[in-house]
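**Student:** Residue-level listing of the chains:
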Amino acid sequence: MIELVRDTYRYRELIWALALKELKIRYKRSVLGFLWALLNPALLMLVMTLVFSTLLRFPIPHYAIFLLSVLLPWTFFSQSLAYAVESVVGNGELIKKVRVAKLVFPMAAIVSNLINLGLSMIPLAILMRHPFYWTWLYLPVPLLALTIFTMGMSFFFAAINVYYRDVAHILQIVLSAWFYVTPIIYSLDFIPANHQWIFKLNPIIYVINGFRLSVYYGLLPKAPSIIASFVCAFISLFIGFAIFRKNQDAFVFYV
Amino acid sequence: MSDSSTPIRLEHITQRFRVIQERPDTLRELFSKFFRHESHYHDFDAVKDVSFEVPHGQMLGLIGRNGSGKSTLLKIIAGVYKPTAGKVEVHGALAPLIELGTGFHSDLTGRENILINGLLMGYSKRQMQEREQRIIEFAEIGDFIDAPVKQYSSGMYMRLAFSVATEIDPDILLIDEILAVGDAPFQQKCFERMESFRQAGKTIMFVSHAMTQVARLCDRAILIEQGTMVADGPPDEVIAMYESSMAPEVVGA
Numbered sequence: 001m002i003e004l005v006r007d008t009y010r011y012r013e014l015i016w017a018l019a020l021k022e023l024k025i026r027y028k029r030s031v032l033g034f035l036w037a038l039l040n041p042a043l044l045m046l047v048m049t050l051v052f053s054t055l056l057r058f059p060i061p062h063y064a065i066f067l068l069s070v071l072l073p074w075t076f077f078s079q080s081l082a083y084a085v086e087s088v089v090g091n092g093e094l095i096k097k098v099r100v101a102k103l104v105f106p107m108a109a110i111v112s113n114l115i116n117l118g119l120s121m122i123p124l125a126i127l128m129r130h131p132f133y134w135t136w137l138y139l140p141v142p143l144l145a146l147t148i149f150t151m152g153m154s155f156f157f158a159a160i161n162v163y164y165r166d167v168a169h170i171l172q173i174v175l176s177a178w179f180y181v182t183p184i185i186y187s188l189d190f191i192p193a194n195h196q197w198i199f200k201l202n203p204i205i206y207v208i209n210g211f212r213l214s215v216y217y218g219l220l221p222k223a224p225s226i227i228a229s230f231v232c233a234f235i236s237l238f239i240g241f242a243i244f245r246k247n248q249d250a251f252v253f254y255v
Numbered sequence: 001m002s003d004s005s006t007p008i009r010l011e012h013i014t015q016r017f018r019v020i021q022e023r024p025d026t027l028r029e030l031f032s033k034f035f036r037h038e039s040h041y042h043d044f045d046a047v048k049d050v051s052f053e054v055p056h057g058q059m060l061g062l063i064g065r066n067g068s069g070k071s072t073l074l075k076i077i078a079g080v081y082k083p084t085a086g087k088v089e090v091h092g093a094l095a096p097l098i099e100l101g102t103g104f105h106s107d108l109t110g111r112e113n114i115l116i117n118g119l120l121m122g123y124s125k126r127q128m129q130e131r132e133q134r135i136i137e138f139a140e141i142g143d144f145i146d147a148p149v150k151q152y153s154s155g156m157y158m159r160l161a162f163s164v165a166t167e168i169d170p171d172i173l174l175i176d177e178i179l180a181v182g183d184a185p186f187q188q189k190c191f192e193r194m195e196s197f198r199q200a201g202k203t204i205m206f207v208s209h210a211m212t213q214v215a216r217l218c219d220r221a222i223l224i225e226q227g228t229m230v231a232d233g234p235p236d237e238v239i240a241m242y243e244s245s246m247a248p249e250v251v252g253a
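For the record, the sequence lines run as chains E and V.
Here the numbering used here is used: the first residue of the first sequence is 1, the next is one more, and so on.
Here the numbering used here is used: the first residue of the second sequence is 1, the next is one more, and so on.
So that you can see chain E by itself, here it is in the shape it has in the complex (with noise of 0.2 Å):
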């Protein structure tokens, strides 16, 4: 764990520049470029409230709000993930001709999306026809326990994916499915008391929940909640790097 410290930061500027690459990449050729990443959660907004509070009459209000109030940090997550899978065997032209630290792929795919993210956040403060609960400020906390999560998760697959390349494909499916058992789109009142133990059994809800309440509705969330996310973050990143670390040095013989 501390190699894991000691390398981001000693890498930090390679890191950076990975992750912007990656960015400029992305929008590479869109004539909006940088403005898709504060266009598309707008546009996001403006359908889910067609959708969802005009059509649909749910009976949540401010429903655009409530669901990209975790959407976005979810977006984060499973965009983070999509890339880390692909990071060390998409480098492996590099990682055959020059020594470097591998945990740099998975890393920058993070700090990339993390920069998305950003940006995306900064429609949803504005647009937003709600009141603006200084909560907002409790945002890191739940953003840095996502962070963590990601990280060993991203790791994870990242090692993983060298050997089978079929990890990708399943982890997109896992995270399409994962979407639906999160209350992302719905809350978790909706389901009967007696099932919502097995919710609880999500490790990624618990971060969910801080960002939604933080946000929609202005709340902070209980003690116990705010650890669950945290044990959750750092179990994922003890494991993850674990198993990154374990066999890092095996990766050039794979990619």
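Derived from the structure by calculation, the hints contain no laboratory data.
A hint or two may mislead.
Claimed, not checked - The calculated DSS-like cross-link candidates involving lysine-lysine, where the alpha carbons are at most 25 Å apart (straight line), are:
{"no.": "1", "chain 1": "V", "residue 1": "Lys87", "chain 2": "V", "residue 2": "Lys125"}
{"no.": "2", "chain 1": "E", "residue 1": "Lys28", "chain 2": "V", "residue 2": "Lys150"}
{"no.": "3", "chain 1": "V", "residue 1": "Lys125", "chain 2": "E", "residue 2": "Lys21"}
{"no.": "4", "chain 1": "V", "residue 1": "Lys150", "chain 2": "E", "residue 2": "Lys96"}
To be verified - Covered by chain E, per the in silico footprint, the following chain V stretches (three or more residues, Cβ under 8 Å):
{"no.": "5", "region": "90 to 99"}
{"no.": "6", "region": "115 to 125"}
Unchecked claim - According to the in silico footprint, chain E covers these stretches of chain V (three or more CB under 8 Å from chain E):
{"no.": "7", "region": "103 to 110"}
{"no.": "8", "region": "206 to 212"}
Note that the Cβ used here is the ideal one computed from N, Cα and C, for glycine as well.
On the provided structure of chain E, position chain V as indicated by the hints.
**Tutor:** Frame of chain E, contents of chain V only:
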């Protein structure tokens, strides 16, 4: 015995690769292999028990046929491979020029690649910004520096890669055949630079199939055959051995 600051020291290096005829790349193949109890691989030693040292100020030529293990050796020194057995010691900043366009990203411009390439080799952003102008001047690729490198010719690629690797002023330079794609004037420029590196006491390892280059530039040559070091000495002698070892097959063909 040499002191610990010898730039490159290899002791009994062996690099084993698992050559897999049909690697189970997907889970389906893994399962089918598992149930049929088959294995489709054999172990192959690309480098076998190689030991040598390269002192300061030496330009060492590595020669041998395709697949003899020259590039594998360079990659071991560069730290790309962790050898199966043996010990590698490298003292000093190292710049690897292994294959064309080491670490260049095709969608980024030459200028952007200079930065990423330098960061990959462990230099800071500031150090690279200080060197950027000199790198561009040496490469002589004009306005192409701001074009994506996928539009480069192989010669331009090599020019930029060579400039980055040498302008960062490493203590050890590893060059793997890439000079072959440069035109004669640029090759000349590269040779001059390598010569000045040597005079500055830097260490250069140079893989080439151009025996005249090896004879002209290097002060020592090592011949590798099937992963084993078979000769180590003055370039003309080692080259003569190499050429005579090939002769029967040339006649036979």
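**Student:** Please check whether the region 103 to 110 of chain V has three or more residues whose CB lies within less than 8 Å of a CB on chain E.
**Tutor:** holds (count 4)
**Student:** Hinted pair, alpha-carbon criterion (25 Å max): Lys28 of chain E, Lys150 of chain V. Please report holds or violated.
**Tutor:** At roughly 14 Å apart (the allowed maximum being 25 Å), Lys150 of chain V and Lys28 of chain E satisfy the hint.
**Student:** When I compare C-beta atoms, does the region 115 to 125 of chain V have three or more residues closer than 8 Å to chain E?
**Tutor:** holds (count 7)
**Student:** Does the region 206 to 212 of chain V contain three or more residues whose Cβ lies closer than 8 Å to a Cβ of chain E?
**Tutor:** Coverage by chain E is violated here, the residue count being 0 at a Cβ distance below 8 Å.
**Student:** Is Lys87 of chain V within 25 Å of Lys125 of chain V, Cα to Cα?
**Tutor:** 32 Å, violated
**Student:** Would you mind confirming whether the straight-line C-alpha gap from Lys125 of chain V to Lys21 of chain E stays at or under 25 Å?
**Tutor:** With Cα atoms ~15 Å apart, Lys125 of chain V and Lys21 of chain E stay inside 25 Å; holds.
**Student:** Report holds or violated for chain E covering the region 90 to 99 of chain V, Cβ cut-off 8 Å, minimum 3 residues.
**Tutor:** holds (count 3)
**Student:** For the pair supplied as a hint, Lys150 of chain V and Lys96 of chain E, is the alpha-carbon distance within the 25 Å limit?
**Tutor:** Holds, at roughly 20 Å.
Against the hints set out earlier in the document, violations occur for numbers 1, 8.
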